[in-house]
Amino acid sequence: MNTYRIQRGDTIDRVTKALGLTWDEFRTLNPAAVGRSRKTGQWVVKAGAVVKGSASFRTVLEEKRAARETAVRSAGSEVQSGYREYTVREGDTLWGLARRYPGSTAEQIARENGISNPDRIHPGQKVRLKMGEAGESASPEPGERSEVVASWYGKEYHGRPMANGKTYNMYANTIAHRTLPFGTRVELTNPETGQIVRAVVTDRGPLIDGRDVDLSYGIAKKLSMVEKGVGKVIMEIL
Numbered sequence: 003m004n005t006y007r008i009q010r011g012d013t014i015d016r017v018t019k020a021l022g023l024t025w026d027e028f029r030t031l032n033p034a035a036v037g038r039s040r041k042t043g044q045w046v047v048k049a050g051a052v053v054k055g056s057a058s059f060r061t062v063l064e065e066k067r068a069a070r071e072t073a074v075r076s077a078g079s080e081v082q083s084g085y086r087e088y089t090v091r092e093g094d095t096l097w098g099l100a101r102r103y104p105g106s107t108a109e110q111i112a113r114e115n116g117i118s119n120p121d122r123i124h125p126g127q128k129v130r131l132k133m134g135e136a137g138e139s140a141s142p143e144p145g146e147r148s149e150v151v152a153s154w155y156g157k158e159y160h161g162r163p164m165a166n167g168k169t170y171n172m173y174a175n176t177i178a179h180r181t182l183p184f185g186t187r188v189e190l191t192n193p194e195t196g197q198i199v200r201a202v203v204t205d206r207g208p209l210i211d212g213r214d215v216d217l218s219y220g221i222a223k224k225l226s227m228v229e230k231g232v233g234k235v236i237m238e239i240l
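In the working numbering, the protein residues as written are 3 to 240.
There may be inaccurate statements among the hints.
[As the list claims (entries may be wrong)] List of simulated lysine-lysine pairs, DSSO-like, C-alpha gap at most 27 Å:
id, residue 1, residue 2
1, Lys19, Lys157
2, Lys157, Lys54
3, Lys230, Lys41
4, Lys224, Lys168
5, Lys128, Lys234
6, Lys234, Lys157
7, Lys132, Lys168
8, Lys41, Lys234
9, Lys19, Lys41
10, Lys223, Lys234
11, Lys223, Lys157
12, Lys48, Lys19
13, Lys157, Lys168
14, Lys234, Lys224
15, Lys19, Lys223
16, Lys234, Lys48
17, Lys224, Lys157
18, Lys230, Lys157
19, Lys19, Lys230
20, Lys19, Lys54
21, Lys223, Lys168
[Said to hold, decoys possible] If you anchor each label on the Cβ, the simulated ranges turn out as follows:
id, residue 1, residue 2, range
22, Lys19, Gly196, 34 to 40 Å
23, Gly22, Asn171, 27 to 33 Å
24, Gln9, Ile198, 39 to 45 Å
25, Pro144, Arg16, 50 to 56 Å
26, Glu143, Arg91, 15 to 21 Å
If you're looking for bench data, these hints aren't it; they were derived computationally from the structure. Predicted model, so just to flag it, every value in this text is computed and none were measured. Even for Gly, the Cβ is constructed at its ideal location relative to N, Cα and C.
Whole structure, please, built from the sequences with the hints as guidance.
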């Protein structure tokens with residue numbers, strides 16, 4: 003079975019067995035079809051939702067694997083070419099990007115990307131940025147704190163190469179970040195539980211828009227975020 007419309011009275015066990023998925027796989031593939039009961043707080047599946055099965059999950063998983071491996075390969079080529087592609091976010095300016103990427107100036111970014119009005123860039127726009135010698139953003143200031151959206155990646159990537167050339171260990175205290183230099187040490191706090199974990203940047207990601215950091219499975223477990231999947235954490239540069 004590849005798709006199924008959830009019926010009133012269906013249970014999680016019934017639906018996941020019918021689709022040939024584990025509960026974690028089901029939530030990953032069908033996030034809009036799950037929720038929490040207002041009465042009990044337990045996970046439930048939503049009646050009427052059309053959900054995908056194991057064949058779709060395998061396709062999505064392979065797409066994610068391919069995308070991450072492409073990101074790993076491109077990380078090296080970006081450093082060699084001296085440029086990287088950046089997706090503009092809300093609040094970004096060319097002058098702000100130039101400060102974050104010391105190999106670029108606002109005028110240079112505008113010229114190389116055909117931007118006629120430097121005051122007008124918009125979220126989602128892609129720009130090419132010249133990198134510094136390290137191929138990464140400027141070193142962050144220790145003590146710098148920010149609220150970030152975090153997700154986690156686990157066994158499907160365990161043992162695969164990371165962007166820094168080393169092998170990913172899903173149990174290690176590591177994170178993926180789009181721009182922080184490899185080796186940057188951070189402290190992560192779950193504001194809902196107060197749990198704190200220290201980690202080091204070893205990989206590039208996330209690959210999904212709207213997320214800022216990918217946590218290893220080990221860190222997600224220590225921050226009680228495995229079941230939730232995606233959530234906000236406070237990140238402080240050490």
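Now the hints, each set against the structure:
no. : hint                        : verdict
1   : Lys19 to Lys157             : 21 Å, holds
2   : Lys157 to Lys54             : 21 Å, holds
3   : Lys230 to Lys41             : 19 Å, holds
4   : Lys224 to Lys168            : 23 Å, holds
5   : Lys128 to Lys234            : 25 Å, holds
6   : Lys234 to Lys157            : 22 Å, holds
7   : Lys132 to Lys168            : 25 Å, holds
8   : Lys41 to Lys234             : 25 Å, holds
9   : Lys19 to Lys41              : 25 Å, holds
10  : Lys223 to Lys234            : 14 Å, holds
11  : Lys223 to Lys157            : 13 Å, holds
12  : Lys48 to Lys19              : 16 Å, holds
13  : Lys157 to Lys168            : 16 Å, holds
14  : Lys234 to Lys224            : 14 Å, holds
15  : Lys19 to Lys223             : 25 Å, holds
16  : Lys234 to Lys48             : 24 Å, holds
17  : Lys224 to Lys157            : 16 Å, holds
18  : Lys230 to Lys157            : 17 Å, holds
19  : Lys19 to Lys230             : 21 Å, holds
20  : Lys19 to Lys54              : 12 Å, holds
21  : Lys223 to Lys168            : 22 Å, holds
22  : Lys19 to Gly196: 34 to 40 Å : 37 Å, holds
23  : Gly22 to Asn171: 27 to 33 Å : 29 Å, holds
24  : Gln9 to Ile198: 39 to 45 Å  : 43 Å, holds
25  : Pro144 to Arg16: 50 to 56 Å : 52 Å, holds
26  : Glu143 to Arg91: 15 to 21 Å : 20 Å, holds
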